[in-house]
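Chemist: These protein sequence lines map, in sequence, to chains A and B. Our numbering puts the first residue of the first sequence at -17, with every later residue one more than the last. Our numbering puts the first residue of the second sequence at 155, with every later residue one more than the last.
Source of the hints: derived by calculation from the structure; they are not laboratory data. Note that CB positions come from ideal geometry on N, CA and C, so glycine has one too. Take these hints with a grain of salt, some might be off.
[As the list claims (entries may be wrong)] Derived CB-CB ranges, DEER-like:
1. Q230(B) <-> V8(A): 28 to 36 Å
2. S52(A) <-> D189(B): 17 to 25 Å
3. T186(B) <-> I13(A): 23 to 31 Å
4. I172(B) <-> N56(A): 28 to 36 Å
5. L16(A) <-> T282(B): 35 to 43 Å
6. T18(A) <-> E197(B): 41 to 49 Å
7. Q273(B) <-> A71(A): 24 to 32 Å
8. K78(A) <-> I172(B): 22 to 30 Å
9. E227(B) <-> T112(A): 29 to 37 Å
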Amino acid sequence: MSRRRTSRQRGSRLGALPLTSMIDVVFLLLIFFLVTADFAKQEHKLPSALQTEGGGVRSSDLQPQIIQISLLNNQPVFTIGQVRCNDRASLEGVLKQLPRDAGVAIKAEPDVPIQSIATALQAARNAGFTRRSYVPGEVGQ
Amino acid sequence: MISVDLTPMIDVVFQLIIFFMFTSQFGELRRTEIDLPREQGDEEAQQASAAMIIDLTGEGVYFFESKATSLLEIEQVAQLGVTNQTDSTPFDVLIRPDRNAPAVYLDRLLLRLSSVGVQRWKIATIDTGGGS
């Protein structure tokens, strides 16, 4: 009888742990993570090698495919040789047909928005080119 | 009978919460608000963190560590980074450009970086689901 009472008392004491404070803390943590998760947008990265016109040592004798970006009626146009593409999907389609060993070099006219450079880099990456480089144009300061 | 005293633990947890709330706020303030190019990016490139992060606004202003910086200052910092780089910790530059900024601003920056020996760079993008 007395043993039964003791175990009951022990159970009631353990059950009387102050959970209110713990719940307060958990709620605060929940609110904190909700708020910060809303702030931080995940950024991604597109890596590229950096080359200059006529400079730098090439690791390969192969000439890279060159994507020239220009603007036509305020719309970006991607030119590879004689082929012109107006969007990423068509550029990707063209790049997939080209040999990847030589890599791809991207050049842009000065007034082209940077979004188009990112688009070309993304298309080259999606087409399976591991060697991607950007060639900045010679510009005045 | 063992009684668990939760009060000190809760005190510590509160202190930690306050600390992380403050530091995360400061972290956000240090990041310049920029309309990044909308692309998926490269998953393989997500792991490595950049040694130098440069923000480029649509008006052609360069920000380094949340301060408007001249190309000359950027060049000097990059020069130092290239000098101190090792095989295990290569000097890595991340550029966070405004997507509508003309390429000429990026070209000016990259030519300066190239002149001090920077060979690789990354462009920051944001994945909005559709791309452009």
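Chemist: Each of the hints needs a verdict: does it hold here or not?
Modeler: Quick rundown of the hints versus the structure:
no.	hint	in the structure
1	Q230(B) <-> V8(A): 28 to 36 Å	violated (49 Å)
2	S52(A) <-> D189(B): 17 to 25 Å	holds (22 Å)
3	T186(B) <-> I13(A): 23 to 31 Å	holds (27 Å)
4	I172(B) <-> N56(A): 28 to 36 Å	violated (51 Å)
5	L16(A) <-> T282(B): 35 to 43 Å	violated (22 Å)
6	T18(A) <-> E197(B): 41 to 49 Å	violated (23 Å)
7	Q273(B) <-> A71(A): 24 to 32 Å	holds (31 Å)
8	K78(A) <-> I172(B): 22 to 30 Å	violated (53 Å)
9	E227(B) <-> T112(A): 29 to 37 Å	holds (33 Å)
Violation of the numbered hints given earlier is confined to hints 1, 4, 5, 6, 8; the remaining hints are satisfied by the structure.
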